[in-house]
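2 protein chains.
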Amino acid sequence: MNMTPKPDPAIDTAIAALTQGRDLRVWSLIVTLFGDMARAPGARLSGAQLSLITGRIGIRPEAMRVALHRLRKDGWIESKRVGRASHYALTPFGRDQTQQAAKRIYAGTVDTPDSWHIVLAEPMAQADRAALEQQLVAKGYVTLTPTSYLGKGPAPAAPSLMAMNGQIDHVPDWLKHTLMPDRLMQDCAHLEKRLKAALKPLACPEELTALDAAALRILVVHAWRRVLLRQADLPDAFFPVASRGPACRQMVQHILGALPQQAPEISG
Amino acid sequence: MNMTPKPDPAIDTAIAALTQGRDLRVWSLIVTLFGDMARAPGARLSGAQLSLITGRIGIRPEAMRVALHRLRKDGWIESKRVGRASHYALTPFGRDQTQQAAKRIYAGTVDTPDSWHIVLAEPMAQADRAALEQQLVAKGYVTLTPTSYLGKGPAPAAPSLMAMNGQIDHVPDWLKHTLMPDRLMQDCAHLEKRLKAALKPLACPEELTALDAAALRILVVHAWRRVLLRQADLPDAFFPVASRGPACRQMVQHILGALPQQAPEISG
Numbered sequence: 033m034n035m036t037p038k039p040d041p042a043i044d045t046a047i048a049a050l051t052q053g054r055d056l057r058v059w060s061l062i063v064t065l066f067g068d069m070a071r072a073p074g075a076r077l078s079g080a081q082l083s084l085i086t087g088r089i090g091i092r093p094e095a096m097r098v099a100l101h102r103l104r105k106d107g108w109i110e111s112k113r114v115g116r117a118s119h120y121a122l123t124p125f126g127r128d129q130t131q132q133a134a135k136r137i138y139a140g141t142v143d144t145p146d147s148w149h150i151v152l153a154e155p156m157a158q159a160d161r162a163a164l165e166q167q168l169v170a171k172g173y174v175t176l177t178p179t180s181y182l183g184k185g186p187a188p189a190a191p192s193l194m195a196m197n198g199q200i201d202h203v204p205d206w207l208k209h210t211l212m213p214d215r216l217m218q219d220c221a222h223l224e225k226r227l228k229a230a231l232k233p234l235a236c237p238e239e240l241t242a243l244d245a246a247a248l249r250i251l252v253v254h255a256w257r258r259v260l261l262r263q264a265d266l267p268d269a270f271f272p273v274a275s276r277g278p279a280c281r282q283m284v285q286h287i288l289g290a291l292p293q294q295a296p297e298i299s300g
Numbered sequence: 033m034n035m036t037p038k039p040d041p042a043i044d045t046a047i048a049a050l051t052q053g054r055d056l057r058v059w060s061l062i063v064t065l066f067g068d069m070a071r072a073p074g075a076r077l078s079g080a081q082l083s084l085i086t087g088r089i090g091i092r093p094e095a096m097r098v099a100l101h102r103l104r105k106d107g108w109i110e111s112k113r114v115g116r117a118s119h120y121a122l123t124p125f126g127r128d129q130t131q132q133a134a135k136r137i138y139a140g141t142v143d144t145p146d147s148w149h150i151v152l153a154e155p156m157a158q159a160d161r162a163a164l165e166q167q168l169v170a171k172g173y174v175t176l177t178p179t180s181y182l183g184k185g186p187a188p189a190a191p192s193l194m195a196m197n198g199q200i201d202h203v204p205d206w207l208k209h210t211l212m213p214d215r216l217m218q219d220c221a222h223l224e225k226r227l228k229a230a231l232k233p234l235a236c237p238e239e240l241t242a243l244d245a246a247a248l249r250i251l252v253v254h255a256w257r258r259v260l261l262r263q264a265d266l267p268d269a270f271f272p273v274a275s276r277g278p279a280c281r282q283m284v285q286h287i288l289g290a291l292p293q294q295a296p297e298i299s300g
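Quick note, the sequences are listed as chains A and B, same order. Residues in the first sequence are numbered consecutively from 33, following this note's numbering. Residues in the second sequence are numbered consecutively from 33, following this note's numbering.
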């Protein structure tokens with residue numbers, strides 16, 4: 033690794049592949065960046081570091097300033113002036129959110145609990161059902177059918193829900209496709225192609241600058257995060273066999289293993 | 033016990049209590065009678081015995097003849113002439129049906145399986161759902177919600193159903209009331225009162241004639257059967273605490289233990 037940028041067509045191709053298509057939401061990408069490089073309590077990033085990395089990704093300085101303003105306003109990050117420089121860090125709220133997500137994003141395998149439980153809700157009006165579903169999903173439940181939800185481990189006390197503890201015996205195809213709809217299947221397949229572009233510059237990782245490595249790493253984590261967090265947190269057996277999710281996970285693990293998890297230092 | 037009928041106001045009151053109210057469906061009562069007194073292979077009842085018992089219950093001879101005709105036509109019973117007398121027996125189909133029901137009717141406790149399973153069906157149109165429910169209920173499943181069903185023991189292979197094996201953790205009140213709706217609760221409470229009337233003649237069972245004992249027994253089995261078979265075959269914990277079902281079961285056990293399970297012999 034060295035700090036001297038030099039032209040590398042593979043890295044440009046990889047960055048283009050990972051930023052193409054849908055609008056890159058800058059504030060969301062900056063959350064990914066903090067979650068990856070400054071998640072630990074006390075960790076911070078300077079304005080200069082942020083500008084450098086987001087600039088390499090192709091984000092305009094003004095778009096970055098707007099996003100930082102929004103993230104401060106929404107309580108995700110806080111800033112501190114040190115001399116003439118600004119430093120940014122996750123707030124306790126922001127750190128908590130990114131730590132929750134990090135458990136899934138960086139995991140090499142999906143956690144499979146020793147046991148499961150299903151809860152059944154009383155048939156009810158659509159609005160009540162939506163409110164209950166929101167509560168249960170916030171607690172980590174996965175919706176199976178309009179009145180049934182899957183939870184990990186033994187069922188907690190919940191007087192209004194029928195509950196059964198046990199082991200999953202069979203996941204039918206219709207449920208796999210409900211848990212991973214066609215759109216998500218396609219996005220996952222598309223992600224795999226983009227990740228393949230990100231593999232190319234890794235052929236000679238020692239030739240990557242610290243900045244290119246950081247930019248590539250952030251874009252890979254961000255692209256993976258955007259697909260992964262739309263999937264329920266369930267083992268692969270709950271999803272269609274044709275899903276490229278497991279392949280993407282493996283590639284992400286491989287790429288991140290080859291790229292250091294730290295922001296490039298600003299010298300001088 | 034003796035064969036000489038003598039007036040007993042308690043038995044008349046009991047028979048009146050057990051036959052009052054809703055129309056007694058004669059063919060259904062005759063199924064109860066065969067199921068109780070001639071369920072074993074080879075067992076049969078003579079026309080004279082049937083007339084005697086149904087007569088004691090208050091069924092007109094013509095109503096009995098119509099019912100026997102219908103039951104023969106529907107394949108429940110078959111008849112054979114022996115000299116000038118007719119003898120009746122359950123067909124193999126009729127025996128199978130009554131044996132299935134007998135497991136529940138005469139049981140002193142409800143069978144609780146070591147484990148359960150829940151299956152979930154894909155949300156589907158009403159007609160498809162009704163067809164699936166019919167299939168599952170025929171296999172012994174109990175409908176919990178419009179797309180979820182409870183089965184005993186481990187789940188059998190069923191590719192289209194999500195299946196989980198385990199233990200019931202909690203049965204909420206709404207489910208207890210779904211499994212035992214108000215009408216059934218009331219009928220159960222009413223049955224308890226009628227069974228109390230049937231207890232009176234048992235104070236001195238040795239004074240009962242064989243015919244009175246048989247009539248009383250058949251009416252008790254019949255009244256219990258009509259309420260019991262409208263309930264799902266589940267342990268008491270699945271029903272409201274206020275249900276009089278367990279009390280009825282105990283009284284039925286007590287009454288049947290005091291009355292012999294055999295048709296009165298016709299002498300001469």
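Among the hints, a few may not be true.
The list cannot tell twin chains apart, which means a pair is met if one copy fits it or any two copies do.
[Stated by the list, open to error] Mimicking DMTMM-like on lysine to aspartate or glutamate, the simulated pairs with C-alpha atoms at most 25 Å apart in a straight line are:
#1 Lys208 / Asp44
#2 Lys184 / Asp44
#3 Lys171 / Glu154
#4 Lys225 / Asp146
#5 Lys228 / Asp160
#6 Lys208 / Asp146
#7 Lys171 / Asp44
#8 Lys228 / Asp205
#9 Lys105 / Asp265
#10 Lys232 / Asp265
#11 Lys225 / Glu154
#12 Lys135 / Glu154
#13 Lys208 / Glu239
#14 Lys105 / Asp214
#15 Lys184 / Glu154
To be clear, the hints were calculated from the coordinates, so they are not data collected in a lab. Treat the numbers as computed from the prediction; the structure is a model and nothing was measured.
Task: Hints violated by the structure (listed by number, smallest first) - done: 1, 2, 4, 5, 7, 8, 9, 10, 11, 12, 13, 14
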